[in-house]
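What follows is each chain in one-letter form.
Protein chains: 2
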Amino acid sequence: MNIYDSDAVDGGGKSAAAAEPTAAAGPAPGPSAEGASAKPKKSERTVETAESMAAKQRDISISEFFAKNRHLLGFDSPRKALLTTVKEAIDNALDACEEAAILPELYVELSPVEGETDRYRVVVEDNGPGIVKEQIGKIFGKLLYGSKFHRLRQSRGQQGIGISAAGMYGQLTTGRPMIITTRTGKGRPAFRVEMRIDTLKNQPEILKQEQLDWDRDRGTRVEIELAGKYLKGRQSVDEYLALTAVANPHCEIAYKPPGEDVVIYKRGTTEHPVQPKEILPHPHGIELGVLIKLLKISPSRTVAGALKESFSRVTDKVAEDICAAAKVKPDAKPGTVGVREADALFKAMQAAKVMAPPTDCLVPVGQDLILEGMKKEVDADFFAAITRSPKVYRGNPFCIEVGIGLGGNLPADDLARCMRFANRVPLQFQPGACAITKAVLSVDWRNYGLQQSKGALPTGPVVILVHVASVWVPFTSESKEAIASYDEIVAEMRLGLMECGRKLGIFLNRRKREADELKKRSYIDKYIPQIGIALQNILDLNKQKREEAVTSLKDVLERSRKL
Amino acid sequence: MNIYDSDAVDGGGKSAAAAEPTAAAGPAPGPSAEGASAKPKKSERTVETAESMAAKQRDISISEFFAKNRHLLGFDSPRKALLTTVKEAIDNALDACEEAAILPELYVELSPVEGETDRYRVVVEDNGPGIVKEQIGKIFGKLLYGSKFHRLRQSRGQQGIGISAAGMYGQLTTGRPMIITTRTGKGRPAFRVEMRIDTLKNQPEILKQEQLDWDRDRGTRVEIELAGKYLKGRQSVDEYLALTAVANPHCEIAYKPPGEDVVIYKRGTTEHPVQPKEILPHPHGIELGVLIKLLKISPSRTVAGALKESFSRVTDKVAEDICAAAKVKPDAKPGTVGVREADALFKAMQAAKVMAPPTDCLVPVGQDLILEGMKKEVDADFFAAITRSPKVYRGNPFCIEVGIGLGGNLPADDLARCMRFANRVPLQFQPGACAITKAVLSVDWRNYGLQQSKGALPTGPVVILVHVASVWVPFTSESKEAIASYDEIVAEMRLGLMECGRKLGIFLNRRKREADELKKRSYIDKYIPQIGIALQNILDLNKQKREEAVTSLKDVLERSRKL
Chain H
87 MNIYDSDAVD
97 GGGKSAAAAE
107 PTAAAGPAPG
117 PSAEGASAKP
127 KKSERTVETA
137 ESMAAKQRDI
147 SISEFFAKNR
157 HLLGFDSPRK
167 ALLTTVKEAI
177 DNALDACEEA
187 AILPELYVEL
197 SPVEGETDRY
207 RVVVEDNGPG
217 IVKEQIGKIF
227 GKLLYGSKFH
237 RLRQSRGQQG
247 IGISAAGMYG
257 QLTTGRPMII
267 TTRTGKGRPA
277 FRVEMRIDTL
287 KNQPEILKQE
297 QLDWDRDRGT
307 RVEIELAGKY
317 LKGRQSVDEY
327 LALTAVANPH
337 CEIAYKPPGE
347 DVVIYKRGTT
357 EHPVQPKEIL
367 PHPHGIELGV
377 LIKLLKISPS
387 RTVAGALKES
397 FSRVTDKVAE
407 DICAAAKVKP
417 DAKPGTVGVR
427 EADALFKAMQ
437 AAKVMAPPTD
447 CLVPVGQDLI
457 LEGMKKEVDA
467 DFFAAITRSP
477 KVYRGNPFCI
487 EVGIGLGGNL
497 PADDLARCMR
507 FANRVPLQFQ
517 PGACAITKAV
527 LSVDWRNYGL
537 QQSKGALPTG
547 PVVILVHVAS
557 VWVPFTSESK
567 EAIASYDEIV
577 AEMRLGLMEC
587 GRKLGIFLNR
597 RKREADELKK
607 RSYIDKYIPQ
617 IGIALQNILD
627 LNKQKREEAV
637 TSLKDVLERS
647 RKL
Chain V
87 MNIYDSDAVD
97 GGGKSAAAAE
107 PTAAAGPAPG
117 PSAEGASAKP
127 KKSERTVETA
137 ESMAAKQRDI
147 SISEFFAKNR
157 HLLGFDSPRK
167 ALLTTVKEAI
177 DNALDACEEA
187 AILPELYVEL
197 SPVEGETDRY
207 RVVVEDNGPG
217 IVKEQIGKIF
227 GKLLYGSKFH
237 RLRQSRGQQG
247 IGISAAGMYG
257 QLTTGRPMII
267 TTRTGKGRPA
277 FRVEMRIDTL
287 KNQPEILKQE
297 QLDWDRDRGT
307 RVEIELAGKY
317 LKGRQSVDEY
327 LALTAVANPH
337 CEIAYKPPGE
347 DVVIYKRGTT
357 EHPVQPKEIL
367 PHPHGIELGV
377 LIKLLKISPS
387 RTVAGALKES
397 FSRVTDKVAE
407 DICAAAKVKP
417 DAKPGTVGVR
427 EADALFKAMQ
437 AAKVMAPPTD
447 CLVPVGQDLI
457 LEGMKKEVDA
467 DFFAAITRSP
477 KVYRGNPFCI
487 EVGIGLGGNL
497 PADDLARCMR
507 FANRVPLQFQ
517 PGACAITKAV
527 LSVDWRNYGL
537 QQSKGALPTG
547 PVVILVHVAS
557 VWVPFTSESK
567 EAIASYDEIV
577 AEMRLGLMEC
587 GRKLGIFLNR
597 RKREADELKK
607 RSYIDKYIPQ
617 IGIALQNILD
627 LNKQKREEAV
637 TSLKDVLERS
647 RKL
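Going down the list, the sequences are from chains H and V. Counting from 1 along the first sequence, just add 86 to a position and that's the residue number in this note's numbering. Counting from 1 along the second sequence, just add 86 to a position and that's the residue number in this note's numbering.
Be a bit skeptical, because a hint or two may be false.
Because identical chains share one entry, a pair is satisfied inside a single copy or across any pair of copies.
Dumping the calculated DMTMM-like pairs for lysine to aspartate or glutamate here, alpha-carbon to alpha-carbon at most 25 Å [what the hints assert, rightly or not]: (1) Lys-462 - Glu-338; (2) Lys-419 - Asp-429; (3) Lys-154 - Glu-364; (4) Lys-413 - Glu-200; (5) Lys-524 - Asp-499; (6) Lys-166 - Glu-574; (7) Lys-433 - Glu-202; (8) Lys-419 - Asp-284; (9) Lys-294 - Glu-137; (10) Lys-294 - Glu-220; (11) Lys-382 - Glu-202; (12) Lys-318 - Glu-200; (13) Lys-294 - Asp-145; (14) Lys-287 - Asp-429; (15) Lys-318 - Asp-204.
Think of the hints as simulated: they come from the structure by calculation, not from any bench.
Input sequences plus hints: build the corresponding full structure.
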């Protein structure tokens with residue numbers, strides 16, 4: 087946690103804080119005695135040498151790194167910190183419920199800490215499978231630990247950082263430990279654990295652990311006290327929960343905002359979402375280095391076997407073809423393959439015809455549910471949505487869904503609003519960094535009847551929703567706020583946006599035509615009677631003749647208008 | 087390096103790849119036998135339990151994490167990978183030269199690898215202080231290792247990730263090791279080391295190490311072979327080096343692009359840049375957790391002493407005031423301070439009047455050099471630049487510099503071009519994610535005579551340069567391509583931009599006035615003689631009288647125009 091003071095890091099001892107930073111040339115006394123950062127001398131220029139620099143070089147612990155860079159994890163402001171903490175806890179809760187085939191029921195509470203300003207206690211409780219006692223410490227007290235990183239399967243969490251980071255932020259800003267309560271089933275004990283992260287070692291430090299009576303049969307409750315700020319509106323916890331309910335209709339959420347009554351987001355369906363399948367990497371999406379490693383550790387007895395076992399869509403025939411093209415014997419031992427041969431295999435794999443990866447690893451929301459969700463959240467006249475068929479980037483299947491809403495009570499003079507989702511999680515920050523924004527900006531919306539200035543989002547009463555589902559969403563930072571602009575992903579988004587855009591264009595065109603028609607009709611209705619009166623005067627018609635003339639004129643004009 | 091296969095991670099053994107993923111409830115046999123990810127079953131829904139999930143949870147090595155997330159480090163495409171590799175090597179070279187007070191001379195070479203497509207060998211060589219033999223492995227073969235993280239001082243590198251990540255990317259895409267050659271001075275041996283990163287352990291693996299004759303007395307040479315793509319234009323290595331030369335006029339660069347002659351960027355000055363000072367953290371910029379840790383490990387015998395020793399601008403008086411306000415005895419032992427007392431101290435520190443942090447830790451480029459640099463790089467008529475006085479975010483001093491160029495041969499119909507720099511390093515990617523872009527977008531440039539649509543950059547022949555110098559630049563990701571939007575930083579940028587904008591506005595106003603005047607003059611010149619002829623005809627004047635009339639008319643009009 088000591089993110090500034092360099093002498094606290096390696097040994098962590100109380101050594102030599104009075105020493106000046108090494109200034110002279112020549113070998114330094116060695117890493118332990120040196121590097122104590124007392125107040126630096128104000129006077130002369132310090133000239134470092136290879137030796138004096140060597141004495142200052144040391145390990146940086148992953149927790150120290152993220153503590154200092156906490157904006158990378160979404161903790162750059164008290165307001166965002168509150169949201170990120172809720173978000174990370176809910177990601178974990180929903181993932182765990184889905185893996186255990188449990189319909190999720192969540193309870194979320196934000197309460198101001200008494201006697202403090204801008205401090206909150208966040209509680210997130212689920213009815214998930216619970217956590218076995220031995221794992222509690224590591225899951226909540228260690229960055230880069232988890233089950234989702236080493237597999238290819240669609241889930242909300244994927245890094246093994248989020249919830250530990252939230253606990254670390256709480257501890258950094260309030261000094262208070264995290265409190266975890268969990269139980270894995272009826273008849274089993276419930277545990278309550280108070281813990282901290284030892285940031286120098288990136289290890290959990292259990293302060294207190296006890297068995298307790300819990301009214302829940304099964305589930306996990308996370309409590310974190312942190313420096314936060316509660317506001318409503320855009321980018322708030324409230325917005326996040328509303329959007330989460332939209333994208334997860336199988337989930338029930340009870341939410342207690344600070345000083346207000348509990349709000350319930352009822353589930354819209356009791357059907358479980360389709361369970362995403364885990365897949366193997368696709369041969370077209372790996373790097374040479376990965377192949378070398380896979381061959382080295384493969385349990386298969388032959389190269390062909392190793393290829394078949396390690397990759398999706400590699401059949402006996404494909405494996406043999408690859409070996410033949412690479413001039414590597416298919417029955418060679420995988421462990422004996424050298425770098426040069428592996429390189430040949432790698433190139434042969436890229437050139438080989440291989441089926442696209444299986445896509446049952448992806449569970450898009452579906453265009454009907456997107457339409458429904460948008461109608462709940464957005465007050466518009468026109469809606470369109472599409473789910474594209476899956477594509478692949480770097481060997482990872484992904485699927486794009488797009489929705490558009492227009493008109494109604496949406497503000498007509500503002501820039502379009504973008505609603506961004508990744509694996510059903512709403513993205514509320516860093517729109518400028520996101521591939522979704524890039525794709526929306528790259529489409530010429532004037533083709534579809536909207537106004538748009540160069541380099542800007544379209545203007546008008548429009549909401550654009552994009553959802554990316556993938557076994558591995560490439561986020562631009564650990565805070566998972568924006569999606570990296572891989573070409574394949576941006577291209578696919580563009581296609582989805584244009585497909586929806588065309589539907590929008592057809593609607594706007596029709597509406598314009600109808601408006602024109604209405605205008606013309608109103609001209610006819612307005613002026614023909616006047617012409618009738620004029621004709622009556624000029625030709626000295628009686629009332630009946632006049633009306634006949636008016637009717638036949640109207641007929642003629644209607645007919646000519648329809649042509 | 088095995089970034090996909092989950093069974094290769096913990097034990098790394100050849101165990102049980104034929105097993106199906108655990109599907110049933112009940113305790114799993116344990117982490118070793120389980121988690122082998124063979125082809126997943128296609129059929130039924132898998133239902134996980136706390137126990138089966140526990141068996142899948144494991145450590146994620148920092149190198150694995152970054153290998154899978156290589157876009158976080160700037161390696162998302164072959165083109166960017168080439169640039170990032172050059173950039174990381176140059177950051178290190180320039181930092182080392184400056185610390186050792188050596189005027190940097192760099193040699194950069196990109197050469198295509200024979201017999202391969204889209205593979206390059208990158209060579210970056212410097213005349214810096216060199217690296218002691220024992221440190222070579224760690225510096226280049228370990229992520230999160232270095233001297234710059236644990237100090238507050240302006241430098242290009244700060245994370246201890248960059249160059250090792252470049253080596254890791256090379257190894258991942260080509261299977262080839264990095265080659266480092268280094269020597270710490272005349273009369274000392276030069277070493278050549280071939281090495282890789284063991285990504286599972288995040289440790290260097292030395293393949294070959296030898297002494298050699300080197301024609302250089304002192305310096306370091308880095309060679310990395312990688313999958314890359316060489317293109318010219320925006321976001322290229324060429325652009326990066328040109329911009330680097332602009333922001334580092336004391337540096338000489340020889341650059342050999344693929345298949346072309348060497349280009350030399352001569353140094354513009356032989357003066358060393360002012361050396362930035364290292365500072366202690368400021369009491370207004372730390373978190374409670376950091377204070378607790380500092381007190382725990384402080385070598386001081388009293389709390390007051392610990393405050394004074396650990397923070398900048400804390401005098402005896404300030405330390406005593408803080409203790410008094412917090413009701414903590416100033417002569418208490420720092421190690422005995424509890425969380426509650428620390429919290430009181432922390433709040434007292436935030437409330438205390440403390441001088442702003444010293445700013446000699448910052449070395450801005452300076453407005454004259456920015457003007458000069460822009461004039462070299464940008465073909466414009468008008469230039470303005472300013473260096474703002476230093477400010478503070480999260481306790482870290484920072485300084486904003488802004489330059490604007492307008493007119494000349496800049497394209498008149500395009501959006502403005504933004505040139506972004508952080509600690510003298512050009513930022514070429516992710517403009518949308520960057521606080522600089524956010525600040526530029528937030529200014530109403532129409533106030534200064536430019537065109538601008540809602541939500542877009544201004545349009546016109548304009549270049550806007552922003553440089554952020556800080557002891558700790560908060561980047562939005564490890565690739566250091568964009569600056570995080572801390573409020574204090576964005577606000578300060580806005581002020582700088584508006585200050586330059588006003589100069590621009592004055593220039594554009596004057597130009598407009600002059601143009602109007604010219605137009606009026608040309609009217610006078612054109613029409614007055616005609617009026618003279620008309621008067622001559624009407625009043626029957628002779629030629630002389632006519633000319634007198636014309637002259638006096640011109641006088642009258644000029645005078646009225648000037649009023």
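Check Lys-318 against Glu-200 for me: Cα-Cα at most 25 Å, and say if that holds within a copy, between copies, both or neither.
within (21 Å within a copy, 60 Å between copies)
One pair to classify: Lys-413 and Glu-200, alpha carbons no more than 25 Å apart. Within, between, both, or neither?
So Lys-413 and Glu-200 pass the 25 Å test across copies only (20 Å; inside, 72 Å).
How would you label the pair Lys-419, Asp-284 (within, between, both, or neither) given a Cα cut-off of 25 Å?
Close across copies (23 Å), not inside one copy (44 Å); limit 25 Å.
Within, between, both or neither, where Lys-419 and Asp-429 count as close if Cα-Cα is 25 Å or less:
Within one copy only: 16 Å inside, 63 Å across.
What label fits Lys-166 with Glu-574 when the C-alpha limit is 25 Å: within, between, both, or neither?
between (30 Å within a copy, 16 Å between copies)
With identical chains treated as interchangeable, where does the CA-CA distance between Lys-318 and Asp-204 reach 25 Å or less: within a copy, between copies, both, or neither?
within (15 Å within a copy, 51 Å between copies)
Cα distance capped at 25 Å. Does Lys-462 pair with Glu-338 within a copy, between copies, both, or neither?
For Lys-462 and Glu-338, only the intra-copy Cα distance (16 Å) is at most 25 Å; the inter-copy one is 62 Å.
Is it within, between, both, or neither for Lys-294 and Glu-137, if the alpha carbons may be no more than 25 Å apart?
This pair counts as between: shortest inter-copy Cα distance 23 Å, intra-copy 45 Å.
With identical chains treated as interchangeable, where does the CA-CA distance between Lys-294 and Glu-220 reach 25 Å or less: within a copy, between copies, both, or neither?
within (14 Å within a copy, 43 Å between copies)
Given identical chains, is Lys-382 near Glu-202, meaning Cα to Cα at most 25 Å, within a copy, between copies, both, or neither?
between (57 Å within a copy, 24 Å between copies)
Measure nothing new, just compare the shortest in-copy and cross-copy C-alpha distances for Lys-287 and Asp-429 to 25 Å and report within, between, both or neither.
Answer is between; shortest inter-copy Cα gap is 24 Å, intra-copy 38 Å.
Checking an output row: Lys-294 and Asp-145, CA cutoff 25 Å. Within, between, both or neither?
between (30 Å within a copy, 24 Å between copies)
The structure is consistent with each of the numbered hints, conforming to all of them.
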